[in-house]
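Enquirer: Sequence:
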Amino acid sequence: MLRTLSVAAAVRCPLRLSRPCPLPGPLLLGLLSRQVREAAGSAGAECGSVLKTPKGTRDHHPAQMALRERLFGTVVACFKRHGAAAIDTPVLELRETLMEKYGDNSKLIYELQDQGGELLALRYDLTVPFARYLAMNKITNIKRYHIAKVYRRDNPAMTRGRYREFYQCVNDRRILNGMFAICGIPESKLVTMCSTLDKLDKMPWEEVRNEMVAEKGLSPEAADRVGEYVQLHGGMDLIEQLLQDPKLSQNKLANEGLGDMKLLFEYLTLFGITGKISFDLSLARGLDYYTGVIIEAVLLQQENDHGEESVSVGSVAGGGRYDGLVATFDPKGRKVPCVGISIGIERIFSILEQRMKASGEKVRTTETQVMVATPQKHLLSARLKLISELWDAGIKAEMMYRKDPKLLKQLQYCEDMGIPLVAIIGEQELRDGVVKLRDAATREEVDIPREELAAEIRRRLETCTTGNPAAPQPLPSC
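The sequence shown begins at 4 in the numbering used here and counts up by one.
Be aware that a few hints might be false.
As the list claims (entries may be wrong) - Below are the DSS-like pairs computed for lysine-lysine, each with C-alpha atoms no more than 27 Å apart in a straight line: (1) Lys104 - Lys141; (2) Lys192 - Lys255; (3) Lys338 - Lys388; (4) Lys399 - Lys388; (5) Lys152 - Lys141; (6) Lys250 - Lys265; (7) Lys192 - Lys110; (8) Lys380 - Lys365; (9) Lys192 - Lys205; (10) Lys104 - Lys58; (11) Lys83 - Lys192; (12) Lys219 - Lys205; (13) Lys146 - Lys83; (14) Lys152 - Lys205; (15) Lys146 - Lys338; (16) Lys409 - Lys439; (17) Lys110 - Lys205; (18) Lys265 - Lys279; (19) Lys55 - Lys104; (20) Lys335 - Lys83; (21) Lys380 - Lys412; (22) Lys250 - Lys104; (23) Lys192 - Lys250; (24) Lys152 - Lys360; (25) Lys250 - Lys219; (26) Lys55 - Lys360; (27) Lys205 - Lys104; (28) Lys365 - Lys388; (29) Lys219 - Lys152; (30) Lys335 - Lys146; (31) Lys338 - Lys255; (32) Lys55 - Lys110; (33) Lys146 - Lys58; (34) Lys83 - Lys399; (35) Lys412 - Lys399; (36) Lys412 - Lys365; (37) Lys58 - Lys110.
Stated by the list, open to error - If you anchor each label on the Cβ, the simulated ranges turn out as follows: (38) Met102 - Asn158: 13 to 23 Å; (39) Gln415 - Thr77: 29 to 39 Å; (40) His63 - Met139: 29 to 39 Å.
Don't read these hints as lab results, they were simulated from the structure. We put the CB at the ideal spot given by N, CA and C, even for glycine.
With these hints in hand, go ahead and build the complete structure from the sequences.
Expert: Shown next, in the form of structure tokens:
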């Protein structure tokens with residue numbers, strides 16, 4: 004196998020003796036060794052030689068990357084199924100592009116020093132850069148998806164648990180703003196109140212209420228009126244109830260929002276998914292740019308296996324309408340109606356990773372379809388020629404890089420890596436013009452004419468992945 008050598012740090016610790024030393028040789032060596040260790044230790048501390056990733060980040064080894072690719076593939080396939088096209092934007096944006104777009108969360112933006120006369124920042128989300136992209140390119144109609152990293156100066160936390168399903172919460176910023184208005188909250192406090200209310204998924208109502216009153220200056224009476232509404236959640240029945248609310252029904256914004264919410268639930272009924280949708284008046288989404296319906300996908304955790312009610316363990320996706328965001332970048336202030344959702348890939352990945360560990364399922368880190376092996380010595384050229392033929396035929400193949408590896412080690416590597424097939428080429432196979440094809444799972448072997456090998460491999464792989472229509476994943480030997 005190929006090997007790489009990485010040198011992280013080197014420390015030079017010169018020791019100088021200014022005169023002859025009368026100490027015995029072993030003692031002198033002991034003292035010198037101690038001085039070397041101490042000098043290396045202090046130099047290492049000065050150089051910051053403790054290797055770690057920054058807080059809130061992580062490396063991903065091959066098995067984790069294979070799982071991430073599976074997750075990305077599922078997400079992208081869903082986007083493409085609905086006609087979306089991919090775009091990309093720079094990881095850096097002008098500071099002025101991002102600031103004042105996220106309410107209280109603007110303090111979480113990573114700002115960079117002056118770069119050639121430009122004040123820059125790392126993107127906080129993919130929505131604001133997308134709005135900038137639309138305005139720059141004068142685009143008014145596009146269905147896009149975008150998978151990329153974003154950066155936030157936040158305190159990361161992992162949610163653990165056995166996850167069963169997820170449901171979606173919906174609300175509307177117009178309903179929320181109307182509710183705030185009838186509760187006596189001035190318009191100047193709407194944004195900051197949304198940011199506070201957005202913490203309800205992490206804090207109990209009493210703590211949120213305390214922040215509203217003690218930190219945001221809201222009267223206790225107004226906070227209590229808000230509390231009466233934000234504890235409501237339901238479906239079409241709740242919408243009808245609020246449309247009859249003597250105060251809320253008199254607010255124009257709230258009425259518009261409730262009308263659209265009613266229409267949304269009529270559509271959800273056609274899709275047959277109202278059972279997984281909750282109209283939740285506590286849902287706020289603490290970003291400034293939302294103008295209409297807002298949504299959040301929340302995972303449920305089953306407390307145990309005795310049928311107790313599921314409880315929420317965190318959001319894995321969220322989004323909504325932001326009809327005014329593009330106008331903030333357009334010189335003429337032209338609005339472009341937009342709606343979108345962001346999926347929390349990292350949280351979903353953590354959940355999948357926990358499930359894999361719990362089930363003991365092994366993740367393949369490569370897509371190799373066949374291992375080319377030889378049973379005798381002096382057959383390196385035969386392996387190279389056969390693997391070249393397979394590569395030219397579009398087959399994903401690999402071989403061990405030792406000159407004369409033992410057959411048992413080659414087969415063991417195949418099993419360890421989950422490679423489904425082994426193509427064995429020995430002295431007898433060369434004379435007969437065949438290749439012995441071995442199924443790694445069943446260990447059955449059959450001689451295949453060399454010119455038919457690629458076609459036989461494709462046929463077996465196709466049978467392996469489609470032979471069991473009920474299996475959600477390829478068969479283990481595949």
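Enquirer: Check the hint pairing Lys250 with Lys219 against an upper bound of 27 Å on the C-alpha distance.
Expert: holds, 24 Å
Enquirer: Mind checking the alpha carbons of Lys219 and Lys205 for me, to see if they're no more than 27 Å apart?
Expert: At roughly 18 Å apart (the allowed maximum being 27 Å), Lys205 and Lys219 satisfy the hint.
Enquirer: Does the Cβ distance between Met102 and Asn158 fall inside 13 to 23 Å?
Expert: holds, 21 Å
Enquirer: Going straight from one Cα to the other, do Lys338 and Lys388 come out at no more than 27 Å?
Expert: violated, 62 Å
Enquirer: Are His63 and Met139 spaced within 29 to 39 Å by their CB atoms?
Expert: holds, 33 Å
Enquirer: Assess, step by step, whether the Cα of Lys335 is no farther than 27 Å from the Cα of Lys146, and give holds or violated.
Expert: At roughly 23 Å apart (the allowed maximum being 27 Å), Lys146 and Lys335 satisfy the hint.
Enquirer: Are Lys83 and Lys192 close enough, with their CA atoms no more than 27 Å apart?
Expert: It is violated: about 40 Å lies between the C-alpha atoms, which goes past 27 Å.
Enquirer: For the pair we were handed, Lys146 and Lys338, check the Cα-Cα distance against 27 Å.
Expert: holds, 17 Å
Enquirer: Would the hint linking Lys219 and Lys152 be met if the CA-CA limit is 27 Å?
Expert: violated, 32 Å
Enquirer: For a C-alpha distance cap of 27 Å, please report whether Lys365 and Lys388 respect it.
Expert: Outside the cut-off at roughly 32 Å; violated.
Enquirer: Verify the proposed pairing of Lys110 with Lys205, using a straight-line Cα cut of 27 Å.
Expert: OK: Lys110 and Lys205 at ~19 Å, within 27 Å.
Enquirer: For the pair supplied as a hint, Lys55 and Lys360, confirm whether the alpha-carbon distance does not exceed 27 Å.
Expert: holds, 24 Å
Comparing the model with each earlier hint shows violations of hints 3, 8, 11, 19, 20, 22, 28, 29, 33; every other hint is respected.
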